[in-house]
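Enquirer: Sequences are here, hints too, so could you generate the full structure?
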Amino acid sequence: MKKLSRRQFLKICAASGAAAGLSQLWIPALAEAFGEAAKANLPVVWIQGSACGGCSTSFINSVHPELREILSEVLDLTFHPNLGQTAAPMDTGRNHRGKFILVIEGAIPKANKGAFNIIGEDSSGNDIPLIDVVSNLGEMAGTVVAVGTCASYGGVSAVEPNVSYSVGVENLIDPGKVINIPGCPPHPDWIVGTLGHIMLYGKPDLDDFGRPKMFYGGLIHNNCPLRQYFENSIFATKAGEKGCMLMMGCKGPIAFGDCPTRQWNGSSSWCVSGNAPCIGCTDPKFPELTMPFYQKMPEISIPGISSTADNIGKVLGVATTAGVAIHFTGSLISGRLGRKNKSKEGD
Amino acid sequence: MPIVINPLNRCSRPLKILLNNHGSNAKAAEVSTTYYWDHSKTLKGKNPLDAILLSQRTNGTDFISHAIAAARALEEIAQVKIPENAQIIRNILLGLDIIYGHITHFYQYVLPDYIPIPRSGNPSGVDVDYRISSDVVEKMITHMWTSYEIRRTIHNLIALIGGKAPHVSNIVAGGVSKALSGPDAIRAKSMLRQVSDFINREYTHDIWQIKVAYRDFFNIGGWEGRLLTFGEFPQKENSNYYISPKALDESGLVNIQKSLLTVEYSGSYFEAETKGNSLKTQFRPVPDKAGGYSWTKGIVYSKQTYETGAVARMFLSGNKIIADLGTNAVSVMGRLRARLEECYRLAEQMRIWIDQLNPKERVASEFEIPKEGEAISFAESSGGSIVHCLSINKGKIDIYNIFDSYSWNICPTTYEGQRNPMERAITGIRIANNKYPIQVFRIIRSF
Ligand code: SF4
Numbered sequence: 001m002k003k004l005s006r007r008q009f010l011k012i013c014a015a016s017g018a019a020a021g022l023s024q025l026w027i028p029a030l031a032e033a034f035g036e037a038a039k040a041n042l043p044v045v046w047i048q049g050s051a052c053g054g055c056s057t058s059f060i061n062s063v064h065p066e067l068r069e070i071l072s073e074v075l076d077l078t079f080h081p082n083l084g085q086t087a088a089p090m091d092t093g094r095n096h097r098g099k100f101i102l103v104i105e106g107a108i109p110k111a112n113k114g115a116f117n118i119i120g121e122d123s124s125g126n127d128i129p130l131i132d133v134v135s136n137l138g139e140m141a142g143t144v145v146a147v148g149t150c151a152s153y154g155g156v157s158a159v160e161p162n163v164s165y166s167v168g169v170e171n172l173i174d175p176g177k178v179i180n181i182p183g184c185p186p187h188p189d190w191i192v193g194t195l196g197h198i199m200l201y202g203k204p205d206l207d208d209f210g211r212p213k214m215f216y217g218g219l220i221h222n223n224c225p226l227r228q229y230f231e232n233s234i235f236a237t238k239a240g241e242k243g244c245m246l247m248m249g250c251k252g253p254i255a256f257g258d259c260p261t262r263q264w265n266g267s268s269s270w271c272v273s274g275n276a277p278c279i280g281c282t283d284p285k286f287p288e289l290t291m292p293f294y295q296k297m298p299e300i301s302i303p304g305i306s307s308t309a310d311n312i313g314k315v316l317g318v319a320t321t322a323g324v325a326i327h328f329t330g331s332l333i334s335g336r337l338g339r340k341n342k343s344k345e346g347d
Numbered sequence: 001m002p003i004v005i006n007p008l009n010r011c012s013r014p015l016k017i018l019l020n021n022h023g024s025n026a027k028a029a030e031v032s033t034t035y036y037w038d039h040s041k042t043l044k045g046k047n048p049l050d051a052i053l054l055s056q057r058t059n060g061t062d063f064i065s066h067a068i069a070a071a072r073a074l075e076e077i078a079q080v081k082i083p084e085n086a087q088i089i090r091n092i093l094l095g096l097d098i099i100y101g102h103i104t105h106f107y108q109y110v111l112p113d114y115i116p117i118p119r120s121g122n123p124s125g126v127d128v129d130y131r132i133s134s135d136v137v138e139k140m141i142t143h144m145w146t147s148y149e150i151r152r153t154i155h156n157l158i159a160l161i162g163g164k165a166p167h168v169s170n171i172v173a174g175g176v177s178k179a180l181s182g183p184d185a186i187r188a189k190s191m192l193r194q195v196s197d198f199i200n201r202e203y204t205h206d207i208w209q210i211k212v213a214y215r216d217f218f219n220i221g222g223w224e225g226r227l228l229t230f231g232e233f234p235q236k237e238n239s240n241y242y243i244s245p246k247a248l249d250e251s252g253l254v255n256i257q258k259s260l261l262t263v264e265y266s267g268s269y270f271e272a273e274t275k276g277n278s279l280k281t282q283f284r285p286v287p288d289k290a291g292g293y294s295w296t297k298g299i300v301y302s303k304q305t306y307e308t309g310a311v312a313r314m315f316l317s318g319n320k321i322i323a324d325l326g327t328n329a330v331s332v333m334g335r336l337r338a339r340l341e342e343c344y345r346l347a348e349q350m351r352i353w354i355d356q357l358n359p360k361e362r363v364a365s366e367f368e369i370p371k372e373g374e375a376i377s378f379a380e381s382s383g384g385s386i387v388h389c390l391s392i393n394k395g396k397i398d399i400y401n402i403f404d405s406y407s408w409n410i411c412p413t414t415y416e417g418q419r420n421p422m423e424r425a426i427t428g429i430r431i432a433n434n435k436y437p438i439q440v441f442r443i444i445r446s447f
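Line by line, the protein sequences are chains G and X.
Under the working numbering, the residue at position 260 of the first sequence is numbered 260, and the numbers go up by one with no gaps.
Under the working numbering, the residue at position 214 of the second sequence is numbered 214, and the numbers go up by one with no gaps.
Derived from the structure by calculation, the hints contain no laboratory data.
Every residue, glycine too, gets a C-beta built ideally from N, C-alpha and C.
Hints may contain errors.
Below, in silico cross-link-like pairs of lysine to aspartate or glutamate (EDC-like), each with a Cα-Cα straight-line distance of 16 Å or less [to be verified]: (1) X:K258 <-> X:E374; (2) G:K113 <-> X:D288; (3) X:K303 <-> X:E250; (4) X:K44 <-> X:E250; (5) G:K238 <-> X:E366; (6) G:K238 <-> X:E250; (7) X:K280 <-> X:E366; (8) X:K41 <-> G:E288; (9) X:K303 <-> X:E416; (10) X:K44 <-> G:E288; (11) X:K44 <-> G:E160; (12) X:K41 <-> G:E160.
Just the calculated beta-carbon pair ranges, DEER-fashion [as the list claims (entries may be wrong)]: (13) X:R193 <-> G:E139: 35 to 41 Å; (14) X:G318 <-> G:N223: 49 to 55 Å; (15) X:K371 <-> G:G176: 48 to 54 Å; (16) X:E372 <-> G:R7: 57 to 63 Å.
Expert: Right, here's the structure in full:
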């Protein structure tokens, strides 16, 4: 029996982590999802690519304790194929073709036929590049979840000159089955919530950059507790000063995510509450576009548009109630085309 | 037939291990990292301040160490002293990061080599040399689940001080961006108590069980045992928890001179773009380089490889328990014991640090980053010593080389043919089962 409707589930996912009443529903709903998956023997295969390991760290230690053990029924918590078992994920793939969920953490280097990341070797001693494992498993998987900005769009590894030619998963696998969960690292709720949604109802609604709308629907800047300072033009200019972080380099006006309302690590803090700017880590162009982290965003020029954070603020100020308009502005000022537009261009 | 383990997981990054064996004896060994993970190219040409945030992305567990090393490099170039308060807050964060690393190391990486833990990749039907009785094992598995709870608590505490974890936002050039408020200090203390309780009860119990059942591993996994630490936890008035920089070589204890640090990359997949072997060498990754076998850029002191980490810090700072182990300190059990020992000391010290914070004092010194300058900075991390080498030119980063615990403990073979500590530690050991060389896993994962 399905206790929650999809609509209810979405409502819970979208709610802030601090809303204790709702998390009492959220835990059982997810527990049910993972329990069902375990019963149906629907495995989740997690592969670590070129990464710092922060994504799995964020995930494993912050996931609600009641969920962790249930999750371990469908997911190997070592997060990496075991010794001499590089073949194991492939077997899982073949046995559950078209159904299993593939999770990738980290970027995939394409240069030199993938020689920048050798994930193991076969029984005859030949190197197996990560890129081959990801492409093969990706093709067999029902759904592919890219965890972290590296896996989603390349992230820190893909910064120019990108000698290893590192890319995100959607560059290798049909973007139609890829869900991106960017963040450096992502919030654990974003990961478990997305997995739960896939298990209970299938793929969640995604924005133009493949991110689940239930978590990435809003602009950081719109829900920021410091927004009042911004409106009143009270800006911090040095570490520890009271005020909006815009002049300290805040990328909240271009970054999507629910950090200000969900909050991190036990629902009591996030980057900005450390008296620091948002560094825009969920952005498809992080960190290339959002560096220098501590400098006020420069004028952003896109064909036909020239804008500064200040007048973006003005635009947003009058448009706070029109969610769609804000999203539009946000995507536009990020200076990129979403994957929908990209595929139209035949890229 | 050589034994190849590729990949060995449950390490801070996956490793490849190659053992040339002679029957059941390991003759020569190679230990290496398997992928390119280096931020030098990313940081070149960037604003020097960005290094504090970006270098944290070197390691999802030891991220505070990198943030602090990066901040120290900038402060050294500007010759700025940070306020006492900032020093203390950084010490607290680093202490938490190290405890987090030790708990992760033991419960996630090490433990499954000693007790059967479901879904941790242990093979069935292979003799894995398990020695602990099943009722105790059950208890230890419960503790393993609790360890995740404690890690969560530690990261909540790091986030309370530093914004979020992994990867904090509050460490800035000149100090930190946020003071710890009175109410937060009280919360921090109560969270710390939970962490201490876990260390004193569960973690202690489990190390004890393993130590008793696997006493022979005090004699396994050693090597020549050159140890090094750059020291840590600076404070204006020398606290009772200050580790001074030191190294131990064949001749005894020596003081460290920065000028004796050089890079070793001949066995790596990096080629130098500049001459010499100073830490400022600029590198280019070449995955098919002849003679290359590792993605780790090595670092040596006085042309010698050194082991860094908790055992080095505890031994060199004269911790009684570890020093009393003598040459057995550098062994599988010695390393595990040293990590626990460090947890005791840090947990105790952290409460004192919180009390030493002065809410009326500043947490950051203001300064401009000079347009030109060079620095080599250090920080300790749970796994070992971290070195950052920064050179600023025309206000931008010209060179940024990061060396971490792997740069020491698995430094690729040196020009002079010297092998790294991990390779030395597994060379010559007896292997019971070539198909599942558990002794090798235990040694490698003890680092
Ligand atoms: S610019 Fe940053 S700190 Fe200021 S209101 Fe927007 S998100 Fe908040």
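Enquirer: Regarding the pair G:K113 and X:D288, is the alpha-carbon distance no greater than 16 Å?
Expert: Measuring from Cα to Cα gives roughly 11 Å; hence the hint holds.
Enquirer: Is the gap between the beta carbons of X:R193 and G:E139 within 35 to 41 Å?
Expert: violated, 51 Å
Enquirer: Does X:E416 lie within 16 Å of X:K303 when you go C-alpha to C-alpha?
Expert: Roughly 8 Å between the alpha carbons, so the hint for X:K303 and X:E416 holds.
Enquirer: Assess, step by step, whether the Cα of X:K41 is no farther than 16 Å from the Cα of G:E160, and give holds or violated.
Expert: holds, 8 Å
Enquirer: Is 49 to 55 Å a correct range for the gap between the Cβ atoms of X:G318 and G:N223?
Expert: holds, 52 Å
Enquirer: For the pair we were handed, X:K44 and X:E250, check the Cα-Cα distance against 16 Å.
Expert: This hinted pair is violated, its Cα atoms lying about 39 Å apart.
Enquirer: Tell me if the straight-line CA distance from X:K44 to G:E160 falls inside 16 Å.
Expert: holds, 10 Å
Enquirer: Within 57 to 63 Å or not, the Cβ separation of X:E372 and G:R7?
Expert: Roughly 60 Å apart at Cβ, these two residues keep to the hinted range, so it holds.
Enquirer: Could you tell me whether the CB distance from X:K371 to G:G176 stays inside 48 to 54 Å?
Expert: holds, 49 Å
Enquirer: Can the restraint linking G:K238 and X:E366 be considered satisfied, given a maximum Cα separation of 16 Å?
Expert: holds, 8 Å
Enquirer: Taking only the CA atoms, is the gap from G:K238 to X:E250 under or equal to 16 Å?
Expert: violated, 49 Å
Enquirer: Regarding the pair X:K303 and X:E250, is the alpha-carbon distance no greater than 16 Å?
Expert: Given pair X:K303, X:E250 holds - Cα atoms ~13 Å apart, limit 16 Å.
Of the hints listed earlier, those the structure fails to meet are numbers 4, 6, 7, 13, in rising order.
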